[in-house]
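Participant: Sequence:
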Amino acid sequence: MAGFRPRLKTTHNDMIIPSTFPVPGSSTGAHTRMDANLAEPSYEDKVAFFDEFDKMAALDQLDEEDDKLDEKERQHRDKCRQFFSPRTKKPQFQPKLPSPIKPPPHPLQRRTASLPASTGVNTPEGPRAAQFAKSRLGVIKDTPIAASQTITPVLKPTTGANTSFIEETPIPETARANLPATLRRSTTMPLPDLSPDGGAEQSPSASTALRKRKRQSPASKAIPESAQIFKGFSFYYIPNNDVARTRKLRIAKAQEYGAQWVRELSAASHVIVDKHLSYGDIEGIISANSNSSLIVVNEEYPIECIWFRTLLSPDQQRYRVPGLPIVKESIAVAGEASSSESPESEPSSLQIKEVQKPNTLESTQRNEEASAQRSSVAPEVQTPEAQTPQPERTSSDELSEYIELLNKYKDLPLDIEEDDSSSVKVAPEEISDPESASENERARKRPVTRSTRSAQKKTITFEDRFACNRGGTKVKAGEESNPNARTIEVLQAMCDYYTRINDHWRTTAYRKAIATLRRQITKITTEEEAHRLTNIGRRLAQKIEEIVTTNRLRRLDQANSEPLDKSLEIFLKIYGVGLSKATKWVSQGYRTLDDLLQKADLTANQRIGIERYDDLNTRIPRQEIILLGEFVKREAAILDPKIEILIGGSYRRGSDSSGDIDLIVTKPGTTSSAELVPFLEALLKKLYDKKFLVATLAALHSQSMGSKEPGSKWHGCCILPGKKDALWRRIDFLLVPETEYGAALIYFTGNDIFNRSLRLLASKKGMRLNQRGLYRDVLRGKGRAKVTEGELVEGRDEKRIFELLGVKWREPKDRWC
DNA sequence: TTACAGTATTT
DNA sequence: AAATAC
DNA sequence: GTAA
Numbered sequence: 001m002a003g004f005r006p007r008l009k010t011t012h013n014d015m016i017i018p019s020t021f022p023v024p025g026s027s028t029g030a031h032t033r034m035d036a037n038l039a040e041p042s043y044e045d046k047v048a049f050f051d052e053f054d055k056m057a058a059l060d061q062l063d064e065e066d067d068k069l070d071e072k073e074r075q076h077r078d079k080c081r082q083f084f085s086p087r088t089k090k091p092q093f094q095p096k097l098p099s100p101i102k103p104p105p106h107p108l109q110r111r112t113a114s115l116p117a118s119t120g121v122n123t124p125e126g127p128r129a130a131q132f133a134k135s136r137l138g139v140i141k142d143t144p145i146a147a148s149q150t151i152t153p154v155l156k157p158t159t160g161a162n163t164s165f166i167e168e169t170p171i172p173e174t175a176r177a178n179l180p181a182t183l184r185r186s187t188t189m190p191l192p193d194l195s196p197d198g199g200a201e202q203s204p205s206a207s208t209a210l211r212k213r214k215r216q217s218p219a220s221k222a223i224p225e226s227a228q229i230f231k232g233f234s235f236y237y238i239p240n241n242d243v244a245r246t247r248k249l250r251i252a253k254a255q256e257y258g259a260q261w262v263r264e265l266s267a268a269s270h271v272i273v274d275k276h277l278s279y280g281d282i283e284g285i286i287s288a289n290s291n292s293s294l295i296v297v298n299e300e301y302p303i304e305c306i307w308f309r310t311l312l313s314p315d316q317q318r319y320r321v322p323g324l325p326i327v328k329e330s331i332a333v334a335g336e337a338s339s340s341e342s343p344e345s346e347p348s349s350l351q352i353k354e355v356q357k358p359n360t361l362e363s364t365q366r367n368e369e370a371s372a373q374r375s376s377v378a379p380e381v382q383t384p385e386a387q388t389p390q391p392e393r394t395s396s397d398e399l400s401e402y403i404e405l406l407n408k409y410k411d412l413p414l415d416i417e418e419d420d421s422s423s424v425k426v427a428p429e430e431i432s433d434p435e436s437a438s439e440n441e442r443a444r445k446r447p448v449t450r451s452t453r454s455a456q457k458k459t460i461t462f463e464d465r466f467a468c469n470r471g472g473t474k475v476k477a478g479e480e481s482n483p484n485a486r487t488i489e490v491l492q493a494m495c496d497y498y499t500r501i502n503d504h505w506r507t508t509a510y511r512k513a514i515a516t517l518r519r520q521i522t523k524i525t526t527e528e529e530a531h532r533l534t535n536i537g538r539r540l541a542q543k544i545e546e547i548v549t550t551n552r553l554r555r556l557d558q559a560n561s562e563p564l565d566k567s568l569e570i571f572l573k574i575y576g577v578g579l580s581k582a583t584k585w586v587s588q589g590y591r592t593l594d595d596l597l598q599k600a601d602l603t604a605n606q607r608i609g610i611e612r613y614d615d616l617n618t619r620i621p622r623q624e625i626i627l628l629g630e631f632v633k634r635e636a637a638i639l640d641p642k643i644e645i646l647i648g649g650s651y652r653r654g655s656d657s658s659g660d661i662d663l664i665v666t667k668p669g670t671t672s673s674a675e676l677v678p679f680l681e682a683l684l685k686k687l688y689d690k691k692f693l694v695a696t697l698a699a700l701h702s703q704s705m706g707s708k709e710p711g712s713k714w715h716g717c718c719i720l721p722g723k724k725d726a727l728w729r730r731i732d733f734l735l736v737p738e739t740e741y742g743a744a745l746i747y748f749t750g751n752d753i754f755n756r757s758l759r760l761l762a763s764k765k766g767m768r769l770n771q772r773g774l775y776r777d778v779l780r781g782k783g784r785a786k787v788t789e790g791e792l793v794e795g796r797d798e799k800r801i802f803e804l805l806g807v808k809w810r811e812p813k814d815r816w817c
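Numbering (the UniProt record's numbering), first residue to last: 1 to 817.
This list has only true hints and no planted wrong ones.
DSBU-like mimics (lysine-lysine), calculated; alpha carbons at most 30 Å apart, straight line:
# : residue 1 : residue 2
1 : Lys231    : Lys275
2 : Lys782    : Lys765
3 : Lys642    : Lys690
4 : Lys765    : Lys474
5 : Lys633    : Lys685
6 : Lys685    : Lys642
7 : Lys474    : Lys573
Pair ranges (Cβ atoms, derived):
#  : residue 1 : residue 2 : range
8  : Gln558    : Leu760    : 28 to 34 Å
9  : Val793    : Asn551    : 46 to 52 Å
10 : Asp656    : Asp614    : 16 to 22 Å
11 : Asn551    : Lys584    : 36 to 42 Å
12 : Glu811    : Ala227    : 48 to 54 Å
13 : Glu562    : Pro322    : 40 to 46 Å
These aren't lab readings, by the way, just hints derived from the structure by calculation.
All values reported here derive from a predicted model rather than from experimental measurement.
Every residue, glycine too, gets a C-beta built ideally from N, C-alpha and C.
Produce the complete structure using the sequences and hints provided.
Facilitator: Structure (structure tokens):
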């Protein structure tokens, strides 16, 4: 996977490197940093951590811990370390570099603008160039270098992964690649400095260095209020005393971070169980307490929370007390999943990526054969006992497992002793979607996948690459919150951010990822687990893991604190204003809508968009959509009773509110939209007279002039007549002849991702889908550029189109992707 | 490195 | 032809 | 952003 790494350009293709700052990509700088971080920091850091108390106690404990420090824990630690890289440690050369070209590109332009930074705002570029610039610039988006560096970035291909150092680490990927695999992560970043000495002290180390550290008085500075991560919590320890030295230490430390040490279990919010105890040992103590919200964790939990200065998720496997019954939703869901196997329970979807099958188009027949197989396979898959015993999984091939571990620790089955939910979760969809062509593949592959190892390469069938083949329902109202609710929430925030920023592709990528996450039955906790899901790649998987283990996402914090251009954000929401115009205005110094009204030259539509800015950016309640729709239908029926009007858009998908109201106008017997034009004109006139319509944004006019057809769509604004202060609403009419009704329905029902995936699928199958119909034998040239119109195969019947595409029928309400 | 849907309307 | 919208 |  080749990638591009941004470089700062000078004439000889070297970088401009301020001597005082280490620069990613600079071999010297990078290696220097790396060397400092290379040493496994565990001892040093742990000692730093305990230093204020008792060095020897710490050492003792460390020795003790060292024995049981298996690779798994090491991973976790590295993981967390990565998440908590102090951003301040990043090289800050940004302000130092002179910018020969100004103004610097707007942050948004860096991502999506069609105008490369150096070309200036008004230089139009071809779409290709724009795309080109965009994808490159997108890569360097958040880099300080890129931000201020308006020097034309020279993008040099490298063999490493392409972007990660920008976002995640100061160490260039290329440099990291040279490290032993097991160390790569740990080099990512130094630990947060917890010791009073601060970060300067915390770097290199050997156990010798550590033993030299001077003892410090415990009377260290108080932990600032903000760092009191345990504030409001009360810990009950088992055993609940501080006779043991290390436990005393831990208790004291927890107290320092705001925890209260309670002697009564009933008063506790957390139970911290000594690591030598299992649930059986403490059962008597705990079960006496009826407090169900009690959090039971092992002694590692508080330590690591402090370590990373945040509240980690207590329900992680590594904090679990051995033998503790799992009383979380995950198990409940899993159980429910394995029992509810209604063969057609709807949103069926596959979540496991599978090997691509080149052509599954006419695979419908293979269903029977596959289902036979499936029946023999599925039960095995679903039997919890089948895969629970982990020793078996590993014992068979322990050596290679271990070797692999050394080379690629990610492959270690982290959740090995986890409950079986992870294996069960795939089953329900398998049974639930017997008709899907891709089902066959799944049934076949799974056993193989399963028997080998958890770390399978991500695979997916041809069919399954298309969202239209998967489920997707509106966020089920009142539905028990998804196990991944928090993850989804955070990712949605990221998605919103990219929407604000007008980063089309990232926005849709996030939407897709969220959709697949939403379909998961179990909680996705590890990067590997996440990565196996469709539309979740390496970077999102990492983010997911970060969210799960730290309950937040640094990238989001960063995004939200970014001084994003408020003005641009505002302008982009004006009807008729896109990135191009908004950027231009901002660069001209306009900052508010008033500025625009007074100084900018606006098109008619833009003026409406500004004057009714708030109205048009307010969502329309479903109830009002109904009222508006009824009003139109009534008038239409008067004009021509044979006319049929249907409300499409998100309304048809069952949304509680919509951004606009979409009306599909048709009439039996019509074969072209032109036949409906006279009617619509009459209707519009009447609606204007009735004070229903208040503005026209796009009429059914010139379809690029000179052409024949009058056009088929009308955009405008309407209000609910009679009502005072009624908000202006966006309303669209689409004229559809009966012969194209099905295709139009698909088009106007959406959602957009569903439509696009449908169209993409069509095009891959040599067909073409648009609002008029499904065409076949479309010749396509370079890329997939259309050469031939193709022959219309179906337009009238929505379901037929699904069939012809080989897509299982979905009700409109299930078209949220 | 490229594609990521395909079209209608305005400017 | 580009920008914008759906 | 992901996937090919």
